[in-house]
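Participant: On the provided structure of chain A, position chain B as indicated by the hints.
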Amino acid sequence: MNIHFEKRKSLSRTALVLVPLASLAASLVLTGIILILSGADPFATYRAMFRGAFGSFRAFTETLVKAIPLTLTGLGVSVAFRLKFWNIGAEGQLTVAGVAAAAIALFLSPFLPAWALLPAAVIAGALAGAVWAGIPALLKTGLKVDETLVTLMLNYVAILFSEYLYYGPWRDPKGYGFPGTAPFPEAAWLPRIAGRAHAGLWVALALALFLWLLLARTRWGFELSIIGNSPRAARYQGIAVERNIVLAVLLSGALSGLAGAFEVTGISHRLQQGLSIGYGYTAIIVAWMSQLNPLAIPFVALLMAALLVGGDQVQMAMGLPAAMGFVMQGMILFPMLAGSLFTEYRLKIARA
Amino acid sequence: MRKAPPRFPKGRFYVVMKDRNGEGAWSQDLLPAQGPRARGDGELRERLVEMRGIRKSFPGVQASDGIGLTLARGEVLALLGENGAGKSTLMNILAGLYRPDAGEIHIRGERVRIESPRDAAALGIGMVHQNFMLVDSMTVAENVVLGQRGLPFVPDLRAVKRRILELSARYNLSVDPEAYIWQLSVGEQQRVEILKLLYREADILILDEPTAVLTPQESEELSAVVHRMRGEGKAAIFITHKMEEVMTFSDRVMVLRRGRVVAEKTTADTDPKELARLMVGREVLFRVEKAPFTPGEPVLELRGVSATDDRGLPALRGISLSCRAGEILGIAGVAGNGQRELAEVVTGLRAAKEGLVSINCVETTNASPLSIIRRGVAHIPQDRNQVGAVGDMSVAANLAMKGYRSRPLSSGGIIRPSRFRDLARRLIELFKIATPSTETRIKFLSGGNIQKAILAREIGACGSLLVAVYPSRGLDIGATEAVRNELVAERDKGRAVLLVSEDIDELLSVADTIAVLFEGRVMGVFPAAEADAERIGALMAGMEEGGKRT
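Here the protein sequences come in this chain order: A and B.
Going by the working numbering, the residue at position 116 of the first sequence is 116; the numbering climbs one at a time, nothing skipped.
Going by the working numbering, the residue at position 56 of the second sequence is 56; the numbering climbs one at a time, nothing skipped.
Chain A with its partners taken away, still in its complex shape:
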């Protein structure tokens, strides 16, 4: 008997849906083994996790709170990944956006009408994210500098810079030494829908739909997919490859930037420690699990958010480390990467 892989003539749609689901199932089993080894009942743990993430209205709104930045950063990362531009800097783009939005909210309120403060802060955030992503994009297209390293390194620059600001010059003098800026004026607060879930949810969902239309139905989207598949072919078709890569990466950074602006204006109402809990990195898992499809990203982001919130609940209810949620996230990625083989190949079993 002879088992081998055969390339599929067209991508399998079934596999596109089944592989992420099967990966989730595999991750439940694998994490279950870890749970048993650490002396916990996996079924009780999963039940607690589920209840923690979806069990009550409050729990569900908390899951949404985390799903919003994951959707936005996931969309951002996926745009860049489609061009094979490995932007792993969503974390940094989110952070500088938080800083930029905070700067507007804190220092421009005397100069702007109240209605303009929030939009200005959000737009400043998106622009800051775009600029932060634009640096590696220009280095890559202009000087052929590897973008993976630059985007990663800029994460640390952004995070340490924001720390410098809220520990130093921007620290709230009335904050009892707490590391963070003064609270924003209320004009800069993003309205909330339910619990802590804010209006950023609608923006994130609308952008997912918009991005799908942009990529699948516009001329620019068509050009981006040619560039992503073969830059040489794109050049031959008269497409300005470098310029379009830079534009798409600016869009990628702006999307992650929105996430950062919404975090400070919608949740913390100040720039403080814990602006991001690794959303920009989890976004990479979100993007891959969604197979870079913008329409799938909100759902996958919700799932990842549930794992995070559920993980916290497990800590309280079962006395297990909250990191269990991260363990599960990681455990999903491995079968996912292995399983993506099946969208391109089919298993063929032949008798020799």
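Hints in this document: simulated from the structure, not taken from any laboratory.
There's no promise every hint is true.
[Stated by the list, open to error] Partner residues are not named here, just some residues of chain B that face chain A (Cβ under 7 Å, in silico):
hint: 1; residue: Glu142
hint: 2; residue: Val145
hint: 3; residue: Leu370
hint: 4; residue: Gln386
hint: 5; residue: Met401
hint: 6; residue: Gly403
hint: 7; residue: Tyr404
hint: 8; residue: Ser410
Please read these numbers as outputs of a predicted model, since none were measured by experiment.
We put the CB at the ideal spot given by N, CA and C, even for glycine.
Facilitator: Quick look at chain B alone, frame taken from chain A:
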């Protein structure tokens, strides 16, 4: 300037010695012959390699159709043939990269099975590939021992370096063993590849188009090295499609065409003209129906155009050509003499360093590819899988890649996938493209069908000039005929066609005017009706009219 190839008196050993200025001087080698050596008679010398009835097929191609080959100690064999003739396949089989479907290999009289490059190395077979197999971030010495069997865990690199220096001195292959590969020129990297084989004491060397990446000076040095190795009783096979190299390097030459041996000659008994004829094949396969030649106004004009290749070496040296409406201008020449660069300069993909390009009396020198497309210039590129088509996108998307910017495929920046499909269905039917559906990824189509799709798309976008680079290369007879007929149909519609081809018969049957390129220069331009294969072959080999070399 390239010097005349040396003529070696038969039956004696000569190597090239160089003086300090790099001027070649010929002097007799003092190395003793290994065993009896009678020219043209392999039986008396030890037979190192014998391949019998080697067959190998790839999907849709019979790359090797029962080829036999022998190689004696102290012999240099040239494998001559066009792209796709099966030269590389045959040598990859000998080097253990491919396994033959049928046939036997005997090394030093013993039947062997070569399952991997490692088996081949154990038998003393080594290959220098066209794309070097070196690790850029490692030194020369490290690369030389990389992959060697029986190496201690921590290799004694000092001993390795000493040995490399010894070998470089002996073969005049100067390379610094401590240099990193990325610091070396292409010619030096090739020396490292050869040193690797010498270090392993390989005595059967395979060189795949070794001079393709070299300057003329480097080629001469390589020729000296090969002769030196021959003198020591090693044997070499080198793959080439340049007649000149056959004359300078080899003792014997085998000409391959479409996976078969079409001729086997002692180099001394043949000449480049005859080889050119054997390589491209004499017989005209089919006649193409053409309307009478009635050229119109010039569409494409080039005046003294110069350009460099990807490595920055001169590829075009002052080209002046003109192609009129209703004319097929055939560009003849052996691949690598500037054809690709010519097509790229015309279509805006490569910058011209000097000269003027104009299309329909408007200057387009170094204009953007898009603005040239908008002037109605269509381009069938040399690399159909990476450039002409996007393998992972659907047939429909590939067919739409020229027209997607305007109605009916898009309007107001929005594309219409259903119109993509309509267009695809129409073109699939019109051009008889065999595909399971419009949504199939195009890389699953055969080469001929991918080419038909590219042709269908480009012809649709062609307003005044069609640039076709090796459009029928590697295609079967049916697809070749379809492609040629389309080119003629464009000409009959009054468009200018620039056709780059290596196939002399194609040029003779399709083109109206033929220009021959050699080392980036136009060797001659004449009406196809007055041309014959012999004359073109001689110009392709760099010989002036009347047999004088340039």
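Participant: Now, for every hint given, state plainly whether the structure supports it.
Facilitator: For each hint, the structure was consulted:
no. : hint   : in the structure
1   : Glu142 : violated (23 Å)
2   : Val145 : violated (29 Å)
3   : Leu370 : holds (3 Å)
4   : Gln386 : holds (6 Å)
5   : Met401 : holds (5 Å)
6   : Gly403 : violated (11 Å)
7   : Tyr404 : holds (6 Å)
8   : Ser410 : holds (5 Å)
Checked against the numbered hints above, the structure violates hints 1, 2 and 6; every other hint is satisfied.
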